[in-house]
Amino acid sequence: MSRVHGYGRVDRGRTLSFTFDGREYTGHPGDTLASALLANGVHLVGASVKLGRPHGISAAWTEDATALVQVERPFPEPMLQATTVELVDGLVARGVNGQGRLADTPDPARYDRKHTHTDTLVIGAGPAGLLAALSAARAGEDVVLLDDRPTAGGSLTGTEVIDGRPALEFVDDVVAELARLGVRHLQRTTAFGQYDDGFVLALERRTDHLGFDAPAQRSRQRVHRIRALKVVVATGAQERPIVFEDNDRPGIMLAASARDYLHRYGVLAGREIVVFTADDAAYAAAVDLAGAGARVTVLDVRENPPLDWKSRANDVGVTVQPSTMVTGTEGEERVRAVLARTTDGGVRLPADLLLVSGGWNPVVHLFSHVRGALAYDPSLGSFRPSGSLPGVTVIGAANGTLDLAGVLREGGGPDTPAAGPEPARTPAAVVWRTDGDPERQFVDLQRDATVADLGRAVGAGLRSVEHVKRYTTIGTAHDQGKTSGVLASGITAELLDVGIEDLGTTTFRPPYTPVAFAALAGRGRGELFDPVRTTPLHDWHAEAGAVFEDVGQWKRPRYYPRPGEDMDAAVLRECAATRSSVGMLDGSTLGKIDVQGPDAGVLLDRLYTNMMSTLKVGRVRYGVLCGNDGMVLDDGTVLRIDEDRYLLTTTTGGAATVLDWMEEWLQTEWPELRVHLTSVTEQWSVFPVVGPRSREVIGEVFAELDVSNDAFPFMSWRDTTLDGVPVRIARISFSGELAYEVNVNSWYALALWERLLAAGRRFGITPYGTETMHVLRAEKGYPIIGQDTDGTVTPQDLGMNWVVSKKKEDFVGKRSFARPENNNPQRKQFVSLLPTDGRTKLPEGSQIVELYEDGKLPEPPVPMLGHVTSSYHSAELARPFALALVKNGRARIGELVHVPVAGVLVPAVIGETVLVDPEGARRDG
Amino acid sequence: MQLIHCPWCGPREEVEFHYGGQAGVAYPERPAELSDQDWAEYVFYRDNPKGTFAERWSHSAGCRRWFDAVRDTHTYRFLSTTKPRPKEVRV
Ligand SMILES: [Zn+2]
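One line per chain: the protein sequences are Y and X, in this order. Mapping of the first sequence onto full-length UniProt numbering: residues 1 to 925, in sequence order. Mapping of the second sequence onto full-length UniProt numbering: residues 1 to 91, in sequence order.
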């Protein structure tokens, strides 16, 4: 065991059992998986992704690049950092060799999100952040404080002194005062992205540390969406390694991380320790680890190591060797010896732990996310914020301030507490790498990317550090270059012989640490992923055995199969029943827009291709809407309800688009028009009652209504009542048959539907679905906008010149009809296609081609004549048929073309679009 | 995510808004009299400056009103948002 008594903040009173790579170990509450493994002497965790080299634990928190694990229990999760997995009783995990494994069962945990607004958001509860939060709260501001570790205090270990007290006692007092002042203080919460205008996303881990005791009703993770007037970034700094040969072995660790393991977890990560440093901070690690019982040797890059630190080191038996470079390591699954070069030559030092410190990288990610400018600071050997951003302040080590007194000053302002005496800082030496084999000098340990890879990138001509990043993949793994980014810039600058300040660094992007997709999805999973819209008759349809089809967000009955029927059989039956007797459709999803105001007719005349202002009250007109480009946008009927009121219908899928589009014209182009547009789609339920017996059904249910052709002609509407409930009926036909569309307030939809069914029972009234509706309309050549059209089709292409007004001086799209391209005879036109074999249903979307006169296909690429847009079996025609867009199609009516279907060319004849009742005799019954 | 100042609702989240292209491209008075080229320029051609740009936006998930904005296409910053100016009533 490597646990040292008298150190650490884990709860030794309780023991937790866990399994790693199939072996049982114990740890304590407060441990991470990494600290518990180290406490058990386990340094080897897994293998690197590309080269399969043994990897261990190289840091103590999110900057760790090597200790990836797969957690199996409590719930399978791949690719977690062992340094951030809190130990829970019964945890089962294993090292990752390559890739992790996703769970094969749904995650039972809840995830959610919370929106927060605040005056000041402080990110990081280290000394700087705590004081910043405290001074803002004392000034009366609303404050949110986030920190990613389980407890506040940041890098403070317990040896520091603030205001004459141990630093961690000072931290406890500040935390207590923050609570009294009402600060919303969240630990285990990582701000992973900063965006414009003070918007920050943070992930709170709410139950992971509770393990199997986690309450099921509590969300496991929560995404906080925070909007703050001021953001204070106090995210600290991460230690930077130095690259040398075989620097990826287990047993090589950042110096401050080893110190963290000692003070936070009471774990001594090695007994025979070599510290390789270019910076003062590693001396604190050397002294503390020696004080805990390790044998420590410091190899300092610098010719003149800091005198104060040197004497403190010597006092605890640590030897300090100046002007020394580590050049390599020995050992397989753990470091056995360190190879170094001094001014006197090479040395070999036995060691079971090699600590490295090349200085500190301010954690500027969140500042960089919002395009905060960074500048290279030669005294740091790293990049720090240069200049400021409105509303964003960076303080403490994140700002490049490394001495505690300075950190406290930046956080505390006028209330700054006093730091205990610190040795004066000696400037760090900036060393990116030492001499050695560049193929074995690892820059990004997660990607197995080496100095040699950087050399290849530069050799390939890459000069921008962003391009080098993508070529080498450095900084693209889940640590996002926390340890490798600055090294890659530094070494690339050397290879290019340019200054790192000129080369710069790559841009940091969210997320700062990996975030599970489940957390981002929150409650928006399964049924809650996307709203489902149902009509008031939905339960009736379901009980009737309807097979539903998704149309936009709507659930619409597609057909109602009887026992033994497949879709084709059911649809043929529904079609035949409707054409021979009477059928009924739930058309409630039809888009409906109420247009009111004295200028309603003017607006509609400017938008529809035909005239609407001349429509008489009580009448109905079909209309087409085109875009400015002259292409069909949507179609539907227009009912004139009153002098200043119209009711438009749109396609089910086009309802929102049409309303938005009308509002856009009205608000931006013609705001002077006195018109209001209101969606009434949900307010009205609509049932087309269709077929030769429909008049009898309607006449029976609505006794007050004269349903004769003379009194109630085609394309008119009438208001009536049923048991005092207002009902509006329109004679509109989307099937060619005699038909009545019954409109009623949706509250009464079910009652009316059942009354109509009862009245139609003696005729065998047949509810039909969208598939039958499509067949009936296709037999009549009525296009479905969005199925038979695709935004490149004009009314003229559809053979609907009659719907384009010649009288109106202008309407949206009119000018485009005169463009030369719109009059190209090779435009695709709407026609029917009848396969000559009378049996093949051509798949929708099929290409249409033409053979040479000798019956051969043209050489590839075979010219495409058009494509099939709709295709069905027809009960009426007793054969399959299709609608299609074909180049110059109307002039080719009667010609034979071919459609490749499953490798066979199916011949088909081009025809008129109207295949059933071309003279329109059935319309009036 | 930016806060966009809807002239009717005040500052709201960017996701509530819909971008509507360049502002100030008025519908031609007499489209029939335009050449094909002029009509094509009205329908299809839009400016694409680096810098300040007059745009139309709609508060589509809020009040559903359109408004004009001036935005810097380099920084994405909104410099102003204003209600559309009422035009003279056509006679
Ligand atoms: Zn608004």
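Honestly, I wouldn't trust all of these hints.
Derived DSBU-like pairs (lysine-lysine); straight-line CA-CA distance at most 30 Å [what the hints assert, rightly or not]: (1) Y/Lys841 - Y/Lys555; (2) X/Lys83 - Y/Lys814; (3) Y/Lys856 - Y/Lys806; (4) X/Lys83 - Y/Lys806; (5) Y/Lys114 - Y/Lys230; (6) Y/Lys780 - Y/Lys806; (7) Y/Lys780 - Y/Lys808; (8) Y/Lys616 - Y/Lys856; (9) X/Lys50 - Y/Lys230.
Quick caveat, the hints were computed from the structure, so don't treat them as lab data. Bear in mind the structure is a predicted one, so any value in this text is a computation, not a measurement.
Status of each hint after checking the structure:
For the given pair, Y/Lys841 sits about 26 Å from Y/Lys555 by alpha-carbon distance, which is consistent with the 30 Å threshold. Taken as a hint, the X/Lys83 and Y/Lys814 pair is honoured in the structure, with Cα atoms around 29 Å apart against an allowance of 30 Å. Proposed proximity of Y/Lys856 and Y/Lys806 is contradicted: the alpha carbons are some 45 Å apart, above 30 Å. For a cut-off of 30 Å, the pair hint linking X/Lys83 to Y/Lys806 is broken: about 36 Å separates their Cα positions.
Under the criterion of a C-alpha separation no larger than 30 Å, the hint pairing Y/Lys114 with Y/Lys230 is consistent with the structure, at around 19 Å. Between Y/Lys780 and Y/Lys806 the alpha-carbon distance is near 25 Å, which keeps this suggested pair within the 30 Å criterion. Between the alpha carbons of Y/Lys780 and Y/Lys808 the distance comes to roughly 28 Å, so the proposed pair stays at or under 30 Å and holds. A threshold of 30 Å between alpha carbons decides the hint, and for Y/Lys616 with Y/Lys856 the separation of about 57 Å lies outside it, so the pair is violated.
With a CA separation close to 29 Å, the supplied pair X/Lys50 and Y/Lys230 stays within the 30 Å bound.
Violated hints, in rising order: 3, 4, 8; the structure is consistent with all others.
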